[in-house]
Amino acid sequence: MLPLQSPSKRRFKNLIALTPKRVFKFPIEGKNISPDIFAEKSAKEIAALEMWEGNRKRFLGELFDIKNDSSASEEFTIKIEGDVSKVRNIGFRMSMGQIIVDGDVGMHLGEEMSGGAITVSGNAGSWAGSQMKGGTIEIKGNAGNYIGAAYRGSTKGMNGGKVVIHGNAGHEVGCFMRKGLIKILGNVGIFAGIHMNNGTIFVQGNSEGRAGAQMTNGKIVLAGHSEDVMPTFTVDDIKAKVKVDGEKIEGPFYRFIGDLADKGKGKLFVSKPKNPYLSHYEKYLE
Amino acid sequence: MTELIVKNGFVYDPLNRINGEKMDISIRDGKIVESVKENAKLVDASGMVVMPGGVDIHSHIAGGEVDTARLLRPEDHVKDVEVKTALTRSGVGYSIPSTFTTGYRYSRMGYTTVMNPSMAPLHARHTHEELSDTPMIDKGSYPLLGDWWFSLEHIRDGLIEENAAHIAWMLKATRGYAIKIVNPGGLEAWGFGRNVHSIDDPVPNFGITPREIIRGLCKVNTMLNLPHTIHLHTNNLGQPGNYVTALESMKCVEDLAREDRPVLHITHIQFCAFKGADWRNLKSGAEEISNYVNNHSHVTLDMGQVVFSDTTTMTADGPFQYGLYHLTGNKWVNHDVETETSGGIVPFRYKRSSAVHATQWSIALEIALLIEDPWKILMTTDHPNGGPFTSYPKVMVWLISKGAREKVLSKINKRARKKSLLPSIDRELSLYELAVVTRAGQAKALGLKDKGHLGVGADADIAIYDINPERADPAKKFVAARKAFTSAAYTIKSGEIVVKDGEIVKPVFGKTYWVDVKTSMSHDVNDDIKRKFREYWTVEYENYPIREGFLYAPAPIAVKAEV
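Each protein sequence line maps, in turn, to chains A and B.
Just remember that my numbering sits 23 ahead of the position in the first sequence, which is counted from 1.
Just remember that my numbering sits 12 ahead of the position in the second sequence, which is counted from 1.
Calculated directly from the structure, the hints in this document are not laboratory data.
In this text, all values refer to a predicted model and were calculated from it rather than measured experimentally.
Some hints here could point you the wrong way.
What the hints assert, rightly or not - With a straight-line cut-off of 16 Å between C-alpha atoms, the simulated EDC-like cross-links for lysine to aspartate or glutamate are: (1) 489/B <-> 560/B; (2) 179/A <-> 87/B; (3) 231/B <-> 267/B; (4) 48/A <-> 76/A; (5) 512/B <-> 56/B; (6) 343/B <-> 76/A; (7) 91/B <-> 135/A; (8) 523/B <-> 560/B; (9) 423/B <-> 385/B; (10) 179/A <-> 267/B; (11) 523/B <-> 87/B; (12) 431/B <-> 299/B.
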């Protein structure tokens with residue numbers, strides 16, 4: 024396991040730029056691309072970090088051109104220019120600094136991160152922000168499934184921090200989420216907030232349905248059209264506005280409580296104007 | 013001819029009454045011998061403790077449940093990965109390690125023989141395939157026969173000798189080592205969504221009681237001269253107030269004892285020593301259990317120690333596991349193995365802060381320390397139910413050091429600490445007694461004549477730990493002792509050095525023991541049995557037994573039965 028380093032003790036002003044030397048065909052294990060690991064190293068030492076390309080062991084310097092610009096940034100920054108959609112686990116367990124990806128990025132971006140910031144101009148693969156505890160991830164394009172989710176089999180999902188996706192996200196966003204915020208400005212797949220224990224998920228666009236299945240607590244806000252509301256949710260109120268991350272979202276919204284199949288007390292807000300088919304619920308509110 | 017001499021160690025060999033004497037052990041061709049030539053390879057054990065290789069009477073390391081648990085718990089594996097080396101294969105842990113990792117980890121702790129205590133007869137093939145893939149250790153497996161239909165029918169009809177002949181056939185068919193009984197009658201009832209709640213509750217559709225099953229199989233065990241006794245997981249396991257059931261189960265075979273030999277082994281006694289009406293006023297039944305065992309010699313027990321960790325519970329006791337699921341709300345598997353048995357798996361975290369878990373931790377140690385004769389109580393964690401076997405070193409130091417116990421006591425739940433008997437127990441097991449509860453006693457209870465001792469003719473399975481009892485009392489220096497037990501200085505398996513300084517230096521494969529019982533009465537293969545197999549099993553009678561040559565390294569133990 025990689026050592027965690029305390030961000031408060033040191034302040035690095037540095038920028039490392041990585042450019043892929045070629046188009047990657049095989050999956051690459053990128054656990055070593057993290058500000059915590061780069062911080063104390065020279066460009067030469069960074070080039071000597073181990074990576075796996077498929078089943079071959081490589082050095083970072085074999086896969087990327089490395090440029091060190093020591094005066095260019097306020098914070099320790101890793102800038103990746105080019106397509107790294109085959110590279111997974113970038114920013115694994117990072118606790119400080121920032122990673123800027125100018126292009127697409129692979130699976131498990133920022134997994135278990137506890138601080139710092141990651142910005143992606145393109146799309147991200149599945150599992151971005153999985154089990155993260157702090158920090159922020161911003162994805163300008165689309166993202167895959169299991170954003171902020173728990174590891175397979177585990178019940179410990181995202182436990183803090185913030186993920187913002189400007190495009191669409193896939194299925195099971197925020198699976199087993201415990202804390203933090205996931206904001207999706209595009210559409211979302213099925214089972215957003217499945218098994219959620221706490222935290223907030225906001226979806227600006229449409230949802231493919233089954234949101235909040237087995238949630239026990241927390242808040243899901245669906246501001247667009249939703250294919251359905253699970254039958255194990257009960258309508259509770261109609262709210263004119265909902266607060267998400269300090270910001271007031273105009274509604275009105277139906278507020279549902281669930282998932283009752285798991286004795287849940289989670290709150291599911293579904294836009295009233297975008298979902299006229301839910302109007303029959305109103306008779307239960309009188 | 014390979015010769016080896018272990019020189020100058022402090023030897024603890026309870027079966028030969030050797031208590032820490034400085035002596036040499038000579039080894040030739042995998043056996044311990046009187047002497048070897050001068051050019052024999054030298055293992056310098058000066059200032060170290062030399063014990064027979066560890067023996068584990070009860071550890072779920074293979075079979076249907078173990079494998080299903082592996083599938084159920086990817087999050088258990090991801091946190092504990094073993095990387096491939098030049099000698100060893102890669103694998104994963106933690107509470108349900110993969111087969112190779114299981115073998116390596118046992119060997120690193122100086123263990124050389126491990127028994128897999130729960131094998132649904134229908135899963136025997138699978139279990140043996142996994143055992144054949146488990147390196148470094150000798151092993152065996154106990155088929156679950158407490159709810160086996162034919163046996164229940166024989167018991168109902170009073171056909172005790174026919175039952176014995178049938179069980180002998182079953183042991184051969186499954187390549188089994190002992191008769192395992194889990195919640196007798198309860199698993200059959202579980203097939204219909206019910207359970208039995210005392211040893212006198214009737215079993216649905218058979219009209220017999222758990223008492224009759226235990227007694228019936230106990231008689232069969234004696235008739236067949238099996239090396240081990242019946243291996244019983246009691247009714248009402250894990251229920252408050254169940255120490256009564258455990259005591260009744262021991263009492264019900266009192267009259268079947270022959271000379272002073274045990275006729276019953278109750279496994280993971282901690283899980284059936286609960287006193288109190290419900291979980292809130294759960295107390296320890298350790299005093300009652302240990303009192304009884306101190307005054308009777310027909311029972312042996314193993315601890316089933318709880319270790320505070322994130323583990324996976326798995327037993328053939330379906331109804332118990334169903335209850336555990338309701339208690340935890342965790343993910344779970346429940347399984348009905350056709351007509352034979354059931355099974356259940358629930359991941360479980362034992363927490364120091366929980367009054368119940370902390371009381372459980374205390375109970376097993378209380379029993380182990382209150383029972384005066386260490387040959388009657390053996391050390392296990394019921395891997396992985398109480399905790400993974402890799403925590404044995406912790407349990408060992410709790411047994412030998414009051415200081416180590418107090419360190420944990422100070423950190424556990426207050427209510428549990430108040431109720432615990434441990435502060436009033438000053439006993440600390442000596443290294444000699446520790447060798448009894450971790451190897452000699454286990455081998456004796458199992459009837460393994462070549463294991464658990466270092467006498468001439470024994471298998472050369474030896475563990476050497478870097479503990480110098482002359483220089484420091486391990487009860488005081490328990491942290492160092494725990495480290496020494498965690499990584500053996502040397503493990504010698506069948507006369508070869510397989511571990512040095514806690515690292516595997518030579519991968520080897522052990523044998524699989526099974527009991528080949530010769531009965532004069534032949535097993536009655538009638539049309540009725542064949543018809544039942546056809547109607548109720550997915551496997552035909554003809555395909556049911558494991559064939560010759562299926563096991564990688566079989567080691568049949570020939571036994572002559574009385575019937």
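Verification of the supplied hints:
no.: 1; hint: 489/B <-> 560/B; in the structure: 50 Å, violated
no.: 2; hint: 179/A <-> 87/B; in the structure: 10 Å, holds
no.: 3; hint: 231/B <-> 267/B; in the structure: 11 Å, holds
no.: 4; hint: 48/A <-> 76/A; in the structure: 9 Å, holds
no.: 5; hint: 512/B <-> 56/B; in the structure: 12 Å, holds
no.: 6; hint: 343/B <-> 76/A; in the structure: 35 Å, violated
no.: 7; hint: 91/B <-> 135/A; in the structure: 13 Å, holds
no.: 8; hint: 523/B <-> 560/B; in the structure: 15 Å, holds
no.: 9; hint: 423/B <-> 385/B; in the structure: 30 Å, violated
no.: 10; hint: 179/A <-> 267/B; in the structure: 53 Å, violated
no.: 11; hint: 523/B <-> 87/B; in the structure: 32 Å, violated
no.: 12; hint: 431/B <-> 299/B; in the structure: 13 Å, holds
Checked against the numbered hints given earlier, this structure breaks hints 1, 6, 9, 10, 11; the rest are met.
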